[in-house]
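**Student:** These are the residues of each chain, in order.
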Amino acid sequence: MNADTIDMIQVKGLRVVAGAAPDPVTEIVKGVDFSVKKGEVLALIGESGSGKTTIALALLGYARQGCSISSGSVRIGETEVLELDQQGRRALRARTVAYVAQSASSGFNPARTIIDQVTEPALLHRLMTKEVARRKAIALFHALALPEPETIGERYPHQVSGGQLQRLMAAMALITDPAVVVFDEPTTALDVTTQIEVLAAFKKVIRELGTTAIYVSHDLAVVAQMADRIVVLNGGRVKENGLVAQVLDAPVDVYTQQLLAATRRPEPVLSVQTAAQKLAPPLLEIRGLAAGYGRIDRYGAPAVRVLDDVSLSIARGSTLGVIGESGSGKTTLARVVAGLVDRARGEVFFDGKPLPAQLSKRTPDQYRQIQIVFQNADTALNPSHTIADILSRPLAFYHHLRGAAARKRTMELLDLVKLPASIAERAPGGLSGGQKQRVNLARALAADPALILCDEVTSALDTVVGAAILDLLAELRRELGVSYMFISHDISTVRSICDEVIVLYAGHRVEAGERDVLAAPPYHPYTGLLVDSVPALKPGWLDARRLIGSAALPQMGESADIAELCSFRARCPVRIDGKCNATPPSMKKLPSGAEILCHHSTAELSRLQTIEAVEA
Amino acid sequence: MNRPANSSIHHPGTELYDMGLDDIVNDLAVPEPELAGPKPGVLKRLHRRFSVLGLIGLVLVVFWLIIAVIGPWIAPYKSGALSSVDVFAGSSHAFLLGTDYLGRDMLSRILYGTRYTVGLALAAALMASLIGTFFGLIAAVSGRWVDEILSRLFDALISIPSKVLALVVIAAFGSSIPMLMGVAALAYIPGAFRISRSLAVNLMTLEYVQVARARGERLFYIARVEVLPNMIHPMLADFGLRFVFIVLLLSGLSFLGLGVQPPNADWGSLVRENIGGLAEGALAVMMPAIAIATLTIGVNLLIDNLRRRGGRGQGAAQ
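Protein chains in written order, with our numbering: chain A, 1 to 616; chain B, 617 to 934.
Some hints could be false.
Stretches of chain B that chain A covers, calculated by requiring three or more beta carbons in the stretch to come under 8 Å of a beta carbon on chain A [claimed, not checked]:
#1 818-825
#2 838-849
#3 881-887
In case anyone wonders, no lab produced these hints; they're calculated from the structure.
By construction, the Cβ of each residue, glycine as well, lies at the ideal position given by its N, Cα and C atoms.
Isolated chain A (complex conformation) (with noise of 0.2 Å):
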């Protein structure tokens, strides 16, 4: 037999129950099978709960707690995984299998330097000599393309960034020379930008290693640049099993082809604004807003500043989407305008007057007109009230509605939101992610505000699910006239649902404009990051991407001490010695009708930024 048709990985009929014999038992696995060829890359694709980590796991030989394999058989390489005793399955962890975990930030241990624990699995099991050890970590962070290869590892986990510590527990997993590398969704924590350099350093280590690789993913667009193969998953099934370009060209299971259709969402129609609109004055308008958090000094400025100098105005009825990685100040921009933090400076005008910082100081009337609504549907509901309980809160608050006339308005509202009557009555905790999100809407709803603050409201979704709330919030912007300001760090959501965006860096707008600036360049070069960052859903799309991350940054020496200084030119790959790091960037319009904040010109954006797509 050739080397290349053996099958290094065999799953047959695996079973997976949680609960223990006595009690009723939950099948999270339903008889999955699959096989993966040596030096495959195969990929366990599926929303939460369809039990992609439990599968992985079990090639590890293991069950998550409360959990227990029933049966069937995985056989790795000439090993029957699920026979092996305590000791061979720690001997088959040691040699065999390796897996990378999401969060890289819990898997290291603080209080010891990164090198003692990337080498610690070789010490561990005695597979090779701490001189040996050492060596092969550092031609490891060399192939993962770490900074400072020979150095990095004598730093603590805190002293490097997320999407570095992501790349070094693959180091750790990789040190033993694993046969089968298990990656559980190892980029599903990072920015864009982060993801790319991480996935593109992973792919090369698989690459030059030629290892079995299992990637276990969410995102359809990152498993396409990774995998040979896809499996796709659904409620412990196996859905679909094939080649990347057949799954994604030619998907056979209805499932399948739902989950693709959620990820390619076509762009709405802008709304064209009728003069009429264009001379009302905006909803929500900041000009030059500054805020941040700790103490205030002397000069009012807090000892952190989060938000520097944002300006944005939000038409009514339309929605605006602002745009940022984590860091960026988005979160605390809605928080600002919902009056949950104070600014420091700048003014916010809503419906043409001035908007009081602090709560106190808000009429009934400006509560009621601003919601806000959070990223994580489950800390924003309190467990201890019932649905009902939640929405005829701001019914009683808002509108002195009691009784029968707050029973009937809450059902209306459930009914706005898609979600069943009979739910009314149960507590958030009985409800799925999606469910709870809408009734997050729908609270919101409740107060019949004019602008709603979504804050990254799809993020902890499901695609479908996060897709289906896309189309709610369009749907009830149509039928009730209501304004968003959308966060959000993926560009194709915002895309999908915005008129206007905002690109945010270090709390600088650094970008404002027109959906449709995002789609061609000249753009900031900020935003010509994000923008390449984002995968594409074909195969081959990350080879074809030149390399930010390695490519080398224009020299540029000391900066001048401004504060008003570009604050991208750190990683700008198009920054400008003796100018950026010296002169604030002035306010510049393109051609689009956007503004950015840059030094290069119009011309020179567009010249550098066309380079770029020949050569990708």
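Dock chain B against chain A, hints included.
**Tutor:** This is chain B only, laid out in the frame that chain A set:
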């Protein structure tokens, strides 16, 4: 800030809230329904809710609560009646638990004493927990200087050892039932305050509270409706612990002769009165000690059970 999709991170406040747990707590205060008529359905439900140890705890606690209520009626002799000439007698038909140093029936003494021990401790623990929780909530919800002042005030109180405080106060003002109750409550308020404040501070950062604030709700509403229901379980577990400590504190005071005054006696005083019989291993000194032990162990077992269950049903407030 943006915690992206599909996180396996534990979100406080997301767990199923087990409404059933509320009833258990009522057992502590109102044991009567339990004994009214335990049908098989009730027994099965109890079994599901409690571990074996928890069930033992529940039985012990309910037993002593019943005794506290009906003790005087089922006692064979009057509390102070000198019923035998035999002192420190062993168990006999007439005196099941023997007699004490004056020849009084020990069983009756313990049955009468239950009321003092359980009743006093219950009242004091209730006072401590209610007052502590109230101020803890106020401190957490109002924040800033109110929090600062209250916290430092209770810190000052916590720095005085509770037994010494109790001794000084009772030595100065004399021993009476309200005084004992007040002293015991005072000694344990700071602990309750600390715990309820930290629970409430955690809950205040959750998004449903933020939503309520953005809605324009008053602090009082937020404290009462959004925060309090979610910290009630840990506070009840804490209440149980406090109850045990207070039983021990009061027994200790009585043992020193500062507690309930003769001829009435709680269990602590019973141990002290009969300490002379210790050398002979008299039942008169053993039985009240055993009574104290069973009550405290019972409450502890019950609380552990509650806490384990409550811990799962409770968000953030740990």
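**Student:** Would you check chain A against the segment 881-887 of chain B, counting CB to CB pairs closer than 8 Å, and say if three or more residues qualify?
**Tutor:** Violated, because only 0 residues of the segment 881-887 of chain B bring their Cβ atoms closer than 8 Å to Cβ atoms of chain A.
**Student:** If you look at each residue in the segment 838-849 of chain B, do at least three have a Cβ nearer than 8 Å to any Cβ of chain A?
**Tutor:** holds (count 4)
**Student:** Using a Cβ cutoff of 8 Å, are there at least 3 residues of the segment 818-825 of chain B near chain A, or does the coverage claim fail?
**Tutor:** Held - the segment 818-825 of chain B has 3 residues with a Cβ nearer than 8 Å to chain A, which meets the minimum of three.
The structure shown violates just one earlier hint, number 3.
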